[in-house]
Each structure stands twice: as C-alpha cells, then as structure tokens.
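In order, the protein sequence lines correspond to chains A and B. FYI, the numbering for the first sequence is 1 to 111, going by our numbering. FYI, the numbering for the second sequence is 1 to 122, going by our numbering.
Treat the hints with caution; some may be incorrect.
The calculated lysine-lysine pairs, modelled on BS3-like cross-linking and capped at a C-alpha distance of 27 Å, are [to be verified]: (1) B:K43 <-> A:K44; (2) A:K47 <-> B:K43; (3) A:K44 <-> A:K107; (4) B:K43 <-> A:K107; (5) A:K55 <-> A:K44; (6) A:K55 <-> A:K107; (7) A:K107 <-> A:K68; (8) A:K47 <-> A:K68; (9) A:K107 <-> A:K47; (10) B:K76 <-> A:K47; (11) B:K43 <-> A:K68; (12) A:K68 <-> A:K55.
Heads up, incomplete: computed chain B residues facing chain A, CB under 7 Å, no partners named [said to hold, decoys possible]: (13) Y50; (14) W107; (15) D110.
If you're looking for bench data, these hints aren't it; they were derived computationally from the structure. We put the CB at the ideal spot given by N, CA and C, even for glycine.
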Amino acid sequence: QSALTQPPSASGSPGQSVTISCTGTSSDVGAYNYVSWYQQHPGKAPKLMIYDVSKRPSGVPYRFSGSKSGNTASLTVSGLQAEDEADYYCSSHGGSNNLGVFGGGTKLTVL
Amino acid sequence: EVQLVESGGGLVQPGGSLRLSCAASGFTLISYNMNWVRQAPGKGLEWVSYISSSSSTTFYADSVRGRFTISRDNAKNSLYLQMNSLRDEDTAVYYCTRGVMATISGWYFDLWGRGTLVTVSS
Numbered sequence: 001q002s003a004l005t006q007p008p009s010a011s012g013s014p015g016q017s018v019t020i021s022c023t024g025t026s027s028d029v030g031a032y033n034y035v036s037w038y039q040q041h042p043g044k045a046p047k048l049m050i051y052d053v054s055k056r057p058s059g060v061p062y063r064f065s066g067s068k069s070g071n072t073a074s075l076t077v078s079g080l081q082a083e084d085e086a087d088y089y090c091s092s093h094g095g096s097n098n099l100g101v102f103g104g105g106t107k108l109t110v111l
Numbered sequence: 001e002v003q004l005v006e007s008g009g010g011l012v013q014p015g016g017s018l019r020l021s022c023a024a025s026g027f028t029l030i031s032y033n034m035n036w037v038r039q040a041p042g043k044g045l046e047w048v049s050y051i052s053s054s055s056s057t058t059f060y061a062d063s064v065r066g067r068f069t070i071s072r073d074n075a076k077n078s079l080y081l082q083m084n085s086l087r088d089e090d091t092a093v094y095y096c097t098r099g100v101m102a103t104i105s106g107w108y109f110d111l112w113g114r115g116t117l118v119t120v121s122s
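Could you build the full structure based on these sequences and the hints that come with them?
Right, dumping it as structure tokens:
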C-alpha cells in the first residue's frame with residue numbers, strides 16, 4: 001500500500017480540464033511544501049512536471065499546474081491533449097523516518 | 001548532454017548480491033543530492049535510498065534498510081547501489097535520479113536515467 005493516496009484512474013476529453021488528487025498526512029504532504037508530480041509514458045522513465053507544490057520546470061507546458069490544501073495536493077491538467085495520456089505520480093518529503101513517499105499512481109486517459 | 005545512465009542489473013538468485021552503477025554526465029555531480037527509485041513490474045514508483053552531495057548523509061526505505069548501501073564517487077561522476085540479501089520482492093527497474101542541489105532545500109527528482117532491470121528469481 002502506497003503512502004500517498006491517488007485515484008487509480010482519471011479521464012477527460014481533449015480540451016477539457018482534469019484534476020488528480022494526492023492525499024497524505026500531516027507528516028508528509030501537510031508538513032512540507034515539497035510535493036512533486038511525475039508523468040510516465042509506457043516503457044519510459046518518469047518526468048518531473050511539478051515541484052515544490054506548484055512550480056513548473058523549464059519546458060513543462062503551462063497547462064500543468066499544482067496546488068495543495070492541508071494534507072491533499074492536486075495536479076490540474078488544462079486543455080487536455082492526446083499526449084497527456086500517461087500515468088501520473090505524486091511524491092512528498094516524508095520526514096526523516098520515511099524520507100521519500102510516492103502515491104500509487106493515476107492513469108490519465110484522454111477520451 | 002545532461003544524463004544519467006544505469007548499469008549492473010540482471011538476474012540474481014534470492015539471497016544473492018548485485019551492485020548497480022549510475023554514470024552522470026553533463027552536470028557537476030557533487031552539486032546534487034542523489035537517489036535511487038524503483039518500480040516493480042506493472043506497479044508504482046518506490047523511493048529506495050538517498051545520499052547527500054558529500055556522502056555525509058544517507059537514508060533508506062524501510063524495505064531495504066540493512067540490506068542495501070548507497071554510495072557515490074564524485075571524482076568519477078558515479079552513484080552506486082550495493083544490494084545484498086536480495087528477495088523476490090526486490091525485482092524491479094531501478095532508476096538513478098538527481099535530487100535537489102546541495103545548496104537548497106527541497107524534495108524532487110528532476111533528472112532520471114532509463115533504468116536497469118533487476119530480477120530476483122531462482
């Protein structure tokens with residue numbers, strides 16, 4: 001069982017927006033502004049999409065945004081495109097007892 | 001080109017050992033903390049181990065603590081993972097990942113290798 005809880009699946013039509021949640025505890029997501037999100041296409045290595053809750057690395061489209069409220073973080077993909085279909089994982093700093101924690105992943109389907 | 005390239009994976013029997021290597025290029029390794037992350041077949045990501053830029057601090061997931069050892073050689077631009085007492089559940093693709101710069105606070109993996117497959121089976 002993963003430390004962070006994500007919905008197993010999400011979907012939307014091209015052009016629509018979809019939000020993926022990531023729920024942790026007051027020891028990880030709620031304790032640090034160090035939530036990150038990763039996109040993984042089949043057979044490929046993950047790619048950093050969001051870090052420090054809401055920051056976008058260079059080259060990541062503005063369509064990807066992140067936020068956090070309490071123990072739950074969210075990734076929103078606006079203006080869905082076919083290439084956004086992938087698995088998405090959240091991660092958080094978990095403190096010294098469990099330094100790095102991941103969510104179980106969400107499979108995003110573009111209908 | 002900025003990249004990480006893992007090597008050393010393969011088939012090993014339960015109870016055996018394996019040493020993974022990760023070659024960094026295109027950036028100064030000593031400037032970054034580094035991690036290993038793994039992914040079992042068809043499963044999600046699992047953080048495995050962390051090492052600070054100077055090797056002064058290491059952390060391990062509960063699932064591997066006492067069996068795995070992370071190390072680095074900044075002069076050789078290399079990261080390592082020594083895996084002992086391997087179990088079936090250690091079967092996974094192991095990714096070498098770059099963490100935050102040593103001079104800042106944070107937690108993310110901004111550069112990933114392609115991974116190396118470790119299969120533990122008799």
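Now the hints, each set against the structure:
1. Taken as a hint, the B:K43 and A:K44 pair is honoured in the structure, with Cα atoms around 14 Å apart against an allowance of 27 Å.
2. Distance hint between A:K47 and B:K43 is fulfilled; the C-alpha atoms sit about 17 Å from each other, no more than 27 Å.
3. Distance hint between A:K44 and A:K107 is fulfilled; the C-alpha atoms sit about 14 Å from each other, no more than 27 Å.
4. Between B:K43 and A:K107 the alpha-carbon distance is near 12 Å, which keeps this suggested pair within the 27 Å criterion.
5. In summary, the hint linking A:K55 to A:K44 is supported, as the alpha carbons are separated by about 23 Å, within the 27 Å threshold.
6. Between the alpha carbons of A:K55 and A:K107 the distance comes to roughly 22 Å, so the proposed pair stays at or under 27 Å and holds.
7. Taken as a hint, the A:K107 and A:K68 pair is honoured in the structure, with Cα atoms around 20 Å apart against an allowance of 27 Å.
8. Between the alpha carbons of A:K47 and A:K68 the distance comes to roughly 20 Å, so the proposed pair stays at or under 27 Å and holds.
9. Simply put, A:K107 and A:K47 have alpha-carbon atoms about 15 Å apart, close enough for the 27 Å limit, and the pair holds.
10. For the given pair, B:K76 sits about 25 Å from A:K47 by alpha-carbon distance, which is consistent with the 27 Å threshold.
11. With a C-alpha separation of about 25 Å, the suggested pairing of B:K43 with A:K68 holds against the 27 Å cut-off.
12. A distance of roughly 12 Å separates the Cα atoms of A:K68 and A:K55; the hinted pair therefore holds under the 27 Å criterion.
13. With a least beta-carbon distance of about 6 Å to chain A, the hint placing B:Y50 at the interface is held under the 7 Å criterion.
14. For B:W107, the interface hint holds, since its Cβ comes within 7 Å of a Cβ in chain A; the closest pair sits about 4 Å apart.
15. With a least beta-carbon distance of about 5 Å to chain A, the hint placing B:D110 at the interface is held under the 7 Å criterion.
When held up to the earlier numbered hints, the structure conflicts with none and fits them all.
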